[in-house]
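A.B. asks: In case you want the letters, here they are:
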Amino acid sequence: MDNLFLPRLARIALVRDETPDTKTFGLRFRDPVDQRDFRFLPGQFLELSVFGFGEAPFCFASSPTRPELVEVTVRRTGQLTDALHTLGPGDEVGLRGPCGNGFDLPSAQGKDLLFIGGGIGLPPLRGLIWNVLDERERFGRVTIMYGAKTPADLVYKDELQEWAARGDVELLVTVDRSNNGWTGNVGMVPTLFDKTELRPKTTLSYVCGPPVMIKFVVQDLLMRGFADDAIISTLERMMQCGVGKCNHCAIGHRYVCRDGPVFTFRQIKELVE
Amino acid sequence: MANEARTISKRDVAGWLAALMRRAEVIAPVAAHGGDVAFAAISSPEQVVFDFQNSLHPPKQFVLPQTDPLVVIRRNGNGIELEPVRDAHPRVIFNLRSCDARSLAFLYRMHASDLPDGAYLARAENVTLVSLACTVPCELGFCTCCDAGPFLKEGTDVQLTDLGEHLLAEPGTDKGLAMLSEAGDLFRPARPDEERRRLELEEAAKRAFGAETCHFASAMRRVSTGRVPEELWGTMSDWCLECGGCNFVCPTCYCFSVKDMKQDGSWVRCRTWDSCQYQAFTLEASGHNPRERRADRIKRRFFHKVSAQYYLRDGTVGCVGCGRCVRVCLGTTDMPAVVEAIRKGAWNG
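Keeping their order, the protein sequence lines are chains U and F.
By the numbering used here, the letter at position 94 of the first sequence is numbered 94, and the numbering carries on one by one without gaps.
By the numbering used here, the letter at position 54 of the second sequence is numbered 54, and the numbering carries on one by one without gaps.
A few of these clues could be false.
[To be verified] Quick list of in silico lysine-lysine cross-link-like pairs, DSS-like style, CA-CA up to 30 angstroms:
(1) F:Lys259 x U:Lys23
(2) U:Lys195 x U:Lys149
(3) U:Lys23 x F:Lys262
(4) U:Lys269 x F:Lys344
Just so you know, these hints were derived from the structure itself, not from any lab.
Because the structure is a prediction, the values reported are computed rather than measured.
One chain only, chain F, in its complex shape (with noise of 0.2 angstroms):
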């Protein structure tokens, strides 16, 4: 779908969103308190941001709510009546950056395989991907080395690149073709220097982002046949100060625990968001508890990312390269900082 790639002008984008906006929530990256920048669902086109470093929480929320309603569950006379909570609406997240699309076609397919999981992809079926290729490094990010970024090959449905003055929109899946057919005059085909020009500013920001920083595959190797020291993981695990938040701002992250809700008189079961790096993630009634050390935890966070056996299972690390992690971590147990000990076999906290 690569020689299907269209233009369109800057001009012509709010109307494009008014359209979007016509048949699907639209959810972009927008001005919020403080000049942070937050994915939210806009209400106007004029919204939307185009010239930003990433937000502070990814998009997942918006196919994976924090408190997501799986079962509504009502007394009915003496009896309970169950009824499937299916989210299907129709949505388009804009703008997200190609480390966000990478860790949302993660999502997909982890919720996919073995059992499918029916409340997730009846939501995430119905989300369309429009990805905008980072063009300029961000402060943090490591994209490229997890092959998550600057520029994706796949995993978005149209992919945009900031020309200037146009946007150049490549397909990625049918459902990206047909949404870029559907919005009919406002893109023209993509002349062959504006195809040219897109390459050289991937190339560009492939340059700027640099060496990479973060050696997934040799502390893969380490991790996966059991050789990162114990003592190792228990000096990173004194840095970490069991916040959960590197947790809750990844976008690959998750796990979660089931809920029974309290809500008008009803119940409402909910799955929501819950950390590995708790102590109470892994105890049980009896009080046993198989990970209660800390260093227990962190080794069990950084196997579920980068061990050979979920390569294998998953297909890539479970790691995007977003850099959110290092940005919230207080005590900086963040992925390139513990891949780099685990690589090295020592920890510069």
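Bound conformation, chain U alone (with noise of 0.2 angstroms):
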């Protein structure tokens, strides 16, 4: 019987600076069957393990319709992520995943998407987004709302611009205070829903950020007329095996590694803590 904590063995590719305190991070397995045989689905999260400093869960960034290289996100936030951002291309690490349910994108065909990202909240939706614009005959309206604290703190900036060139994308984008230059919306992400023409019956709602942004879009999301199950979130908690074994990420009977991290609003509610 397998070691469920036996991580897989890869090579960092390629680190982008995303924001001052952001990298990403491309992988491949060293094991070139590892790389060929490894399947996921956006939303699902993998444990990087940073070999002397322990592992930690990190949502995939990329898309599996892009499978040369696994992506991550990673702001830099204690040990582990400190000892992530010294590394470079060649250096080894493990992973271990996929874990975790994913997002239903077979149950969203043919609806309108909207993304709503939100500071280092962008990143799990990133590789849902390219899914989706990889197919993009699939589904309806594509909208991307997303937010940061400021111009320097927006992550996938050349993306950004390349979704906002895009004819099949609306693309807004918010700070949450301006400097040096920036032209665009000034506020918090909320604000941005005046901004465009929704269409509740039939479009479905990502939303990742951090827990007041997602307080406050849901709040907005169910006054525009969203049901519950058209608004579809990922859950954040402290976790350790990834596995449903520690328990740390335990919500009364439910484990966000296991049912999660991506819940509906109406799975959110039912939850007791």
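Hints in hand, dock the two standalone chains.
C.D. replies: Right under this line is the structure:
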């Protein structure tokens, strides 16, 4: 029987600076068979080992439609992420997963899609967005709303331009505080709702961001007529094992690492702390 | 397998233990410092005690060590090498009490369910349990409230009953049956009067335990439906010192963290016991903590132990009535006290 805790080895293939404290790491499995056979869904996560420092869960920031590299976007915020940020191309890390349930993309077929990300909440949506854009004809309208504290805190700046330039995506970006020559929107993410026309009955919304943003965005979506099942989010919890054993991420008898991290708002309401 | 009960003379037990020690590491209660009894790997059959109140620490640590190595991580030139740790060493846990045998069955089911935990199961599957039924109640135990004693119907490989001059041995599993068969002539089939005596002892033990003291069913109704007032959790949590003692002596607690420990120039990735009563247990990297208040953490502990949601998942409450939390808790937020408070809606700390 398998050791649930055994990672597979991978090498860092690229490192991209996103913001002063956030980097994207592109990873490739050391064993070509692992690389060929690895499958995951957007919304799932992996346990990333920085050897000597342990492991931590990160969502896939890349799309399964682009399997050359597995990407994660990581903010420097503790010992393990500090150590990860010192690593560069060629350095070895470990991957365990995929863990969790992932987004149910087949059921989104034919629907309009609204992605709402805040700060470091865009990475889990980025994998889903690229998956959708790579199969663009299967979906209706695509709207992306993204907000960060300042222009410097926006991640994936090149891709934001790429999405803005596409005719088949509506992109709305805002910052809480503007500085040096920012000409875009200023204000919290919910202020973007008045800048576009939404069709709540035919739209699925995907919301990722800090708890306070999720709270206000969900209120807005409900007010605008979105059903509980049409609001989809990913929950964050302290996690250790990622396989439903260690109990750190338990909410009632549900486990964010096994039953989630993707939940609909209807499911979230049923969780009892 | 009940009709396959056998008997061994106490004079022959040392010989049986010696035979077991040749095939396996034998873990048993032994006399420890200051008159305590503790479970330890024995080096001679004479060390094993038969007349004892249960140890402060359950034998859980021999199946789920406090620091449990999972993967060895070595540097090899510029690269890394990983080696999964698999501990399949044969072990016998001898003379463990009914509650502790029951807790190991609980832990086995938990680790085997959903995604099977191979590292745990490799160790657990090579453990044979020889439990000793309790003919005399212990001071703080309430196993009769959770179907975990004083005698067991299932959950142990062999159940021993002390008949005075002899031990009655009842196999509870094929593994236990095989173990008794391998002992050959040391055992003979039990006589009907010996089997009768065993039943009498069980009835007498149940009577001696007295009325139920920990009413799980009525507490479960309230915990499962969120009908325990938040203020009550708050009041109870005022008595919790966050020492984690209840978790660490609990034979059914298994929460853990995963850490890389340095060892001889390499690392060992380990699972280490953790406590849901510690504030950092749910502290996220962002600084957000969904269970920052002690009240929420004590609520979590008892939801995991006595809610219907977990009862349906695990098939039992997460308590075997060993009474160890009563013994270690400095503030009386032990299982029977909390169950009583939940049931009555009031706390008498």
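A.B. asks: Decide, hint by hint, whether the structure agrees.
C.D. replies: Here is what the structure says about each hint:
About 24 angstroms separates the Cα atoms of lysine 259 of chain F and lysine 23 of chain U, which keeps this hinted pair within 30 angstroms; it holds. Taking the CA atoms of lysine 195 of chain U and lysine 149 of chain U, the gap is near 19 angstroms; set against the 30 angstroms cutoff, the hint holds. A threshold of 30 angstroms between alpha carbons decides the hint, and for lysine 23 of chain U with lysine 262 of chain F the separation of about 28 angstroms falls inside it, so the pair holds. Between the alpha carbons of lysine 269 of chain U and lysine 344 of chain F the distance comes to roughly 29 angstroms, so the proposed pair stays at or under 30 angstroms and holds.
Violated hints for the displayed structure: none, as all numbered hints are satisfied.
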